[in-house]
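Listed below, chain by chain, are the residues.
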Amino acid sequence: MNDYFVQISKNPIIQKLINTMGLPKPPVELNRNTQPWEERPFNDQPIMIGQIQQTTLTKTLAETVVKAGGNPFIEKDEAILDIFDQVGKAYGRLPQSSLKNELPEKFAPKVLIFDATNIQKPEDLNSVYSFFQNHLRSLAICGRAVILSQPSTAKTDIPSAASSRALEGFIRAMAREIGFKGATANIVYVAPDATNRLEPVLRFLLSDRSAYITGQSLHISTQVVSDELIPKSRPLDGKTALVTGSAQGIGAAIARTLAREGARVIIMDRPSEDIPAGKLAAEIQGSILFCDITTPSAGDQIVDMVSKNFHGLDIVVHNAGITRDKLLVNMKPEIWDQVLDVNFSSILRVNEKLLPIMNSNARIVCLSSVSGIAGNRGQTNYSASKAGVIGFVSALAPRVAEKGIAVNAVAPGFIETKMTAQIPFATQLVARRLNNLNQGGTPVDVAETITFLCSPGASGMTGQVLRICGGALIGA
Amino acid sequence: MKNSKKRQAVIIGGVRTPFLRAFGDFTPLSTIDLGVQAVKGLLKKFPIAWREINSMIWSGVILPSATVNVGREIIFDLGLPMEIEAYTITRVCTSSLCAITLAAAAIERGEADVIIAGGSDSTSNAEVKMPQSLVHKFAPVVLSPKSTVRDYFRLLSKLNPKKDLIPQRPAIRERLTGELMGESAEKMASRNQISRESQDKFAMQSHQRAAKAIETGRFASELTSVELPNKNKVHADNIVRGNTSLEKLARLKPVFTKNGSLTAGNSSTLTDGAAAVLIMEFEKAKSLGFSPLSRIRSWSYDAVDPTDQLLIGPAISMPKALQKAGMTRNDIDLIDIHEAFAAQVLSVLKVLGSKQFAKDRLGFDKAFGNIDPKDINIHGGSVALGHPFAATGARMVITMANELKLSNKSTALLGICGAGALSAAAILEAVS
Numbered sequence: 001m002n003d004y005f006v007q008i009s010k011n012p013i014i015q016k017l018i019n020t021m022g023l024p025k026p027p028v029e030l031n032r033n034t035q036p037w038e039e040r041p042f043n044d045q046p047i048m049i050g051q052i053q054q055t056t057l058t059k060t061l062a063e064t065v066v067k068a069g070g071n072p073f074i075e076k077d078e079a080i081l082d083i084f085d086q087v088g089k090a091y092g093r094l095p096q097s098s099l100k101n102e103l104p105e106k107f108a109p110k111v112l113i114f115d116a117t118n119i120q121k122p123e124d125l126n127s128v129y130s131f132f133q134n135h136l137r138s139l140a141i142c143g144r145a146v147i148l149s150q151p152s153t154a155k156t157d158i159p160s161a162a163s164s165r166a167l168e169g170f171i172r173a174m175a176r177e178i179g180f181k182g183a184t185a186n187i188v189y190v191a192p193d194a195t196n197r198l199e200p201v202l203r204f205l206l207s208d209r210s211a212y213i214t215g216q217s218l219h220i221s222t223q224v225v226s227d228e229l230i231p232k233s234r235p236l237d238g239k240t241a242l243v244t245g246s247a248q249g250i251g252a253a254i255a256r257t258l259a260r261e262g263a264r265v266i267i268m269d270r271p272s273e274d275i276p277a278g279k280l281a282a283e284i285q286g287s288i289l290f291c292d293i294t295t296p297s298a299g300d301q302i303v304d305m306v307s308k309n310f311h312g313l314d315i316v317v318h319n320a321g322i323t324r325d326k327l328l329v330n331m332k333p334e335i336w337d338q339v340l341d342v343n344f345s346s347i348l349r350v351n352e353k354l355l356p357i358m359n360s361n362a363r364i365v366c367l368s369s370v371s372g373i374a375g376n377r378g379q380t381n382y383s384a385s386k387a388g389v390i391g392f393v394s395a396l397a398p399r400v401a402e403k404g405i406a407v408n409a410v411a412p413g414f415i416e417t418k419m420t421a422q423i424p425f426a427t428q429l430v431a432r433r434l435n436n437l438n439q440g441g442t443p444v445d446v447a448e449t450i451t452f453l454c455s456p457g458a459s460g461m462t463g464q465v466l467r468i469c470g471g472a473l474i475g476a
Numbered sequence: 001m002k003n004s005k006k007r008q009a010v011i012i013g014g015v016r017t018p019f020l021r022a023f024g025d026f027t028p029l030s031t032i033d034l035g036v037q038a039v040k041g042l043l044k045k046f047p048i049a050w051r052e053i054n055s056m057i058w059s060g061v062i063l064p065s066a067t068v069n070v071g072r073e074i075i076f077d078l079g080l081p082m083e084i085e086a087y088t089i090t091r092v093c094t095s096s097l098c099a100i101t102l103a104a105a106a107i108e109r110g111e112a113d114v115i116i117a118g119g120s121d122s123t124s125n126a127e128v129k130m131p132q133s134l135v136h137k138f139a140p141v142v143l144s145p146k147s148t149v150r151d152y153f154r155l156l157s158k159l160n161p162k163k164d165l166i167p168q169r170p171a172i173r174e175r176l177t178g179e180l181m182g183e184s185a186e187k188m189a190s191r192n193q194i195s196r197e198s199q200d201k202f203a204m205q206s207h208q209r210a211a212k213a214i215e216t217g218r219f220a221s222e223l224t225s226v227e228l229p230n231k232n233k234v235h236a237d238n239i240v241r242g243n244t245s246l247e248k249l250a251r252l253k254p255v256f257t258k259n260g261s262l263t264a265g266n267s268s269t270l271t272d273g274a275a276a277v278l279i280m281e282f283e284k285a286k287s288l289g290f291s292p293l294s295r296i297r298s299w300s301y302d303a304v305d306p307t308d309q310l311l312i313g314p315a316i317s318m319p320k321a322l323q324k325a326g327m328t329r330n331d332i333d334l335i336d337i338h339e340a341f342a343a344q345v346l347s348v349l350k351v352l353g354s355k356q357f358a359k360d361r362l363g364f365d366k367a368f369g370n371i372d373p374k375d376i377n378i379h380g381g382s383v384a385l386g387h388p389f390a391a392t393g394a395r396m397v398i399t400m401a402n403e404l405k406l407s408n409k410s411t412a413l414l415g416i417c418g419a420g421a422l423s424a425a426a427i428l429e430a431v432s
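Going down the list, the sequences are from chains A and B. For the first sequence, our numbering gives the first residue as 1, with consecutive numbering after it. For the second sequence, our numbering gives the first residue as 1, with consecutive numbering after it.
One thing to keep in mind: the hints can contain errors.
[Unchecked claim] Under 8 angstroms between C-beta atoms, here's a sample of chain B residues computed to sit facing chain A: (1) Gln-193; (2) Asp-305; (3) Gln-309; (4) Ile-312; (5) Ser-347; (6) Val-351; (7) Ser-354; (8) Gln-356; (9) Phe-357.
Just so you know, these hints were derived from the structure itself, not from any lab. Beta carbons: idealized from backbone N, C-alpha and C, even for Gly.
Start from the sequences, fold in the hints, and give me the full structure.
Here it is in structure tokens:
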């Protein structure tokens with residue numbers, strides 16, 4: 001299940017060989033962080049910050065960077081520098097600025113953030129261009145580039161709305177250009193009243209935990225009612241999580257990561273998965289529920305188990321899923337039914353039963369797929385089910401926001417799992433290269449993203465589909 | 001012991017040995033010997049009937065592994081009554097302040113009326129250990145009654161000269177981060193942008209003030225002379241350089257990192273020394289005819305993350321002690337901060353002025369306030385005097401208690417940082 005190309009290219013002899021033969025450079029092995037969440041995820045990393053002018057986000061940005069242990073580097077503007085100075089003083093992270101010629105000669109920022117929330121006209125794009133044009137070359141291996149902007153509403157004037165949208169194209173294109181060094185680029189739209197929900201999102205997005213997310217747009221709003229504290233470490237302490245189909249593969253990785261952050265995990269899978277489920281339960285001190293998600297009583301069985309052993313559910317991850325690929329003309333009704341039932345209808349059925357036992361500040365995450373966004377040859381059943389999941393998430397989210405429940409989907413691209421290992425060899429070979437990062441993702445990438453979406457700090461995000469695809473060349 | 005409603009612990013006074021650079025004249029004296037000298041001086045200065053002493057709370061950082069309870073050994077060596085109970089604590093550089101506050105707490109709780117508290121450290125006698133792997137290989141053979149000569153030979157053949165036979169240097173690195181304290185302080189200097197010049201200036205101030213205090217006899221009342229095994233006597237501190245100048249300090253090379261700003265001149269050095277303080281219940285002191293110097297109004301012990309800023313802790317502890325005392329910055333007459341490194345003190349001062357720090361880290365609305373480095377440590381500090389780890393806290397208490405009396409002031413705030421990112425602060429209040 002490993003990307004052998006990444007593995008062998010770590011060998012110095014093979015590296016030399018590749019260089020001398022002038023072969024295309026092998027992909028960079030992505031930095032990943034599988035340790036528990038820490039107080040300071042950007043410890044001592046240089047972080048370069050650019051802004052058009054001072055904005056309402058400046059202080060949040062300064063606090064986010066220094067609290068997470070980053071060393072801020074600022075371009076221009078005394079006012080911005082002043083804010084960073086005030087905040088930095090408290091944390092021993094005083095800003096260095098090109099204003100005072102303090103930028104070191106050899107300088108490889110780990111992160112480039114551009115705050116474009118006050119973009120008003122097409123000309124403002126020039127400062128975005130010049131910021132990244134200046135610094136992109138020095139961006140560190142596996143670095144992060146992020147643009148912050150404001151979502152357009154009916155009240156936004158036309159030039160700012162249009163310019164703001166232009167940023168999205170810019171970031172997607174830039175993501176393709178920096179993928180060769182394992183770096184990612186994303187854009188975050190922050191609603192004006194949701195400033196205080198930005199910090200946890202940035203802590204995730206700028207960390208090594210978001211290694212396989214690139215070329216995406218994230219939206220932060222105050223739609224979801226949130227009244228809990230936002231811990232920086234062990235975010236899921238005391239929470240109860242249900243992960244369907246979690247005996248093996250991505251599901252098991254999700255269960256492990258949730259447990260690592262303090263959640264008590266209910267591992268749910270079919271009775272035939274008893275051996276791996278048992279092993280996993282012992283490893284993470286989880287509970288097991290043997291139940292086929294497609295049985296009509298599945299929802300009741302879960303409710304029964306939870307009410308006997310726990311105080312409601314805080315996290316539900318609808319992970320169970322299968323593929324049965326066939327061209328539509330050859331597809332028998334059985335496999336059409338089977339895929340739609342497991343991947344789609346069962347989620348709707350079970351979720352309805354679970355909603356009453358979900359606590360406030362709960363999180364629901366569904367597994368969609370890039371296949372559900374872009375469609376895939378031979379996967380009409382799978383693509384339909386995974387697109388249905390997206391529809392489900394966007395319909396459900398506004399209905400439960402009042403209760404404090406956030407509902408999101410993740411859409412993995414090519415992830416190195418047992419399931420993808422069964423894809424014909426040649427197809428695999430091509431499939432895992434068809435993205436900005438030139439490699440497949442790992443179950444850990446999905447698990448870390450889901451864990452973030454399940455954390456208290458993710459209350460700003462709901463009804464969204466977050467792609468974990470390395471910036472796949474296909475799909476919108 | 002009387003158990004009246006409100007018992008109050010008071011500091012009668014204290015003495016310390018001279019502080020000498022490690023591997024100097026004090027090299028033959030162990031931690032216990034140094035403690036003995038300090039307590040001997042204390043009892044000479046404050047003649048108290050020995051049977052009145054209830055307890056000895058001692059402290060040390062580099063403790064002798066064979067006799068960890070140094071306090072009890074001091075009692076034996078001095079021939080004090082065997083009935084005096086004793087224990088020895090370690091809380092890194094805050095150790096002897098901790099011994100003193102423990103004593104105050106015990107007295108106020110009614111556990112004792114008279115306690116000697118203090119600390120000693122002999123960095124010259126830090127133990128060099130054989131590797132534990134050697135112990136693990138030897139022990140089964142040596143301890144077994146069935147072992148034969150053959151077993152011993154087999155044992156020798158198994159030894160790995162590189163791994164098993166090279167003794168381990170005593171490490172003063174942080175176990176968690178692997179950093180020397182100076183390396184951590186160097187990081188703090190660069191993160192808080194503390195310049196080499198300001199560090200040197202502060203170090204010079206420390207040296208000049210300590211030299212002046214010696215010259216004017218300010219320390220005479222707190223020092224006790226120490227008799228060495230060769231019958232020579234040591235009367236004075238030997239680390240203070242009153243004649244130092246900014247030019248001299250500027251010439252020194254950085255010691256911890258290549259382009260760093262910490263030098264031997266603006267850091268505290270390895271030191272041997274001891275200090276002891278006599279603490280009593282207020283009524284008891286009166287009945288014994290002692291006039292107390294001060295009492296401890298409040299204290300606070302805290303810890304921060306060693307991987308962040310190792311020695312920033314006093315910036316947490318000092319405002320907290322102030323809050324516990326129900327005082328504000330303006331109520332404080334003297335501020336004394338332990339100088340592990342000039343850079344560390346200046347970093348702490350910088351942060352104390354930050355409102356955001358007060359809000360985020362302490363939950364206070366107001367910053368402690370800006371402090372001019374000139375306004376602290378009026379008689380110098382550890383950079384000039386040296387830093388025998390477990391004697392420093394008691395030295396600060398003694399100097400400040402004496403100063404309050406002499407200058408007719410009422411309150412002093414003490415702040416100390418320590419390894420493992422511990423910190424402590426205490427407020428002394430003059431007793432009229």
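These are the hints, each one checked on the structure:
no.: 1; hint: Gln-193; in the structure: 5 angstroms, holds
no.: 2; hint: Asp-305; in the structure: 7 angstroms, holds
no.: 3; hint: Gln-309; in the structure: 5 angstroms, holds
no.: 4; hint: Ile-312; in the structure: 7 angstroms, holds
no.: 5; hint: Ser-347; in the structure: 7 angstroms, holds
no.: 6; hint: Val-351; in the structure: 7 angstroms, holds
no.: 7; hint: Ser-354; in the structure: 4 angstroms, holds
no.: 8; hint: Gln-356; in the structure: 4 angstroms, holds
no.: 9; hint: Phe-357; in the structure: 4 angstroms, holds
When the structure is compared with the earlier hints, no violation turns up for any of them.
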